[in-house]
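Q: Generate coordinates for the entire structure from the input sequences, incorporating the hints supplied.
Chain by chain, the residues run as shown.
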Amino acid sequence: MALLELTDLHLEFPTYWGVVEALSGVQLALHRGEMLGLVGESGCGKSVTAMSVLRLLPEGHYRVPRGGISFDGRDLLALDEQGMQQIRGRRIAMIFQEPMTSLNPTIRVGRQIAEVIESHQRLGAAAARSRAVSLLQEMRIPDPERAAERYPFELSGGMRQRAMIAMALSCEPDLLIADEPTTALDVTVQAQVLSLLRQKCRERGTAVLLITHDLGVVAGTCERVAVMYAGTVVETGPVTEVLQQPRHPYTRALLETIPERFGRDQRLEVIPGSVPNLLHPPPGCRFHPRCRQVMDRCRSQRPPSFAGAAYTVACWAWEDLTSGPAEPASGGGQP
Amino acid sequence: MRRKEQLGYIWYLVRRNPLTLAGLLIVLVVAAIALLAPMISPYDPDMIDWTARLEGPSRSHPFGTDEVGRDIMSRVFWGARLSVGVGLMIVGIAVSAGVLIGSVAGFSGGIGDVVIMRLMDMVLAFPSLVLAMALSAALGPNLRNAMLAIAFVRVPVYVRLVRGQALAVREREYVRAARTFGAKAAWIVRRHILPNTMTPVMVQATLDIGGAILTAAALSFLGLGAQQPTAEWGAMVSAGRRFILDQWWYASFPGAAIFVTAIGFNLFGDGLRDVLDPRQRR
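Going down the list, the sequences are from chains A and B.
Oh and the first sequence: position 240 is 240 in this note's numbering, straight run, nothing missing.
Oh and the second sequence: position 246 is 246 in this note's numbering, straight run, nothing missing.
Do not rely on the hints blindly, as some may be mistaken.
20 Å max Cα-Cα, derived SDA-like pairs, lysine to any residue [unchecked claim]:
1) B:Lys-184 <-> A:Leu-57
2) B:Lys-4 <-> A:Glu-154
3) B:Lys-4 <-> B:Val-275
4) B:Lys-184 <-> A:Ser-119
5) B:Lys-184 <-> B:Arg-170
Don't read these hints as lab results, they were simulated from the structure.
A: Spelled out as structure tokens, the structure:
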């Protein structure tokens, strides 16, 4: 059974101008110890998906008309705030994009990590502190004793993000959600932090949901990848398979936009059209106005998520796109 | 060692600005007088001496005497105790209430925020001195009630300050991070929001001490605060008013004490803002 499973998750924000369908039928499964990359353009619903798992969206300003989130067999949408506080930090932890601002500037780094440990485990102040220091050491922060005594502004971005990872892993969560953890770091530091994140999560058997818009990051870090477009998951599969033989027209178009695939003099490839306004999403398949292989059916009917051996594709042309035997996934999409 | 470095830096910033230094010196001197009043006063401030009524400044009475022969210098010294204490108390009450209410309003938001802020707007709509006078008169004119009244009219200032800061801090990533780690609302406010709203509150509080002393003296002058024969600066100026043309020293020395103290706290507060507000650091 999957550790985290989102089934046909719909989420909408009622606004003055109308209802924004941020997520419409997200289908996603994450297994224990697995690293799953969630990629997509800005505004496609990656972060909303993550926030909805932890239920950190502003209460009363969103609705979940359909779908479910189950974590380790429990229905997270049915839990009350107290129940969620038990889950947050202890079972699911999260790290953010901005290591500059995700630590409180007025509290020493070691103390901040120790506080999280104290609040979730039966440990005294001294024990929590030494655990914080050993975590910092594990994150390869030089001179962890002294680093623990520092204020966040005294550490570099990479060190801060490593301190955040230490904090996130301090309570041995089953799942770590990393929302663009390396976007704000420069490329060499990015590689270090990612490989460290990968190694430490492997050792602990922590599953990771890595949100990013950088396919390179996914390629180097994750085992499986899910591609999102306009509030839906269009394709999932093992990283090598998805990147080498993309099935969904969107994934293909996305990969074609990567500049390295072309010579110097060639113009950058773009996907024609623009991301749909989720206030008025297009009927049928959400990608059809920009799709090169659009069929009549695509304009009126939403394709369900078809599942192959190790992948899923949400496209009516999926049989032409693949060659293996497959059947429609249960509960995915709508007819 | 690091703490010492920090203090050294603050000292450097204070020293660089002579006005701040002057303010700090005045505050220190006034505080020392307040603390040491029983030891440095030449006479008992309430001792009546019918043989030395309304005497001008002299070697034995440097600030002169009042209409019943009490030594004005001793009374000014003891008055420092009262005035500084009252100033601190007023600001202490206003800050505590303001921080509490402001953080609740700022963090919770929604309807509670609207109700609290409109109530604060109502208080702010009155001229603060007039409102303080009315409250003090209604509660019964004595120093304690004057203090409460002045503190009450200052509360909205802090509520607005803290709420504004809390609104900004609430959206910071580390608050969101704390929530993802399962922190409870009360903990987030106490540990993450309040400490990051304190800088402007400290500056405002220092600036307000001078104003609070001034206002308390004003109420006492009007007969709504400390009553005769308490050795309070405002009350002394009020009593000396009758003699101002012939015995200038009676009202002038307590008046000067009010002036110097208020200026001292204001200069120090201004300087503190320059030191503590990193956006203004050059």
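Q: Has the given pair, Lys-184 of chain B with Leu-57 of chain A, been kept, meaning a C-alpha gap of at most 20 Å?
A: Measuring from Cα to Cα gives roughly 16 Å; hence the hint holds.
Q: For Lys-4 of chain B and Val-275 of chain B, compute the direct alpha-carbon distance and say whether it is at most 20 Å.
A: holds (16 Å)
Q: Please verify whether Lys-184 of chain B and Ser-119 of chain A have alpha carbons no more than 20 Å apart.
A: holds (10 Å)
Q: Given the proposed pairing of Lys-4 of chain B with Glu-154 of chain A, does the C-alpha separation stay at or below 20 Å?
A: The hint holds at about 17 Å.
Q: For Lys-184 of chain B and Arg-170 of chain B, compute the direct alpha-carbon distance and say whether it is at most 20 Å.
A: holds (14 Å)
Against the hints set out earlier in the document, no violation occurs for any number.
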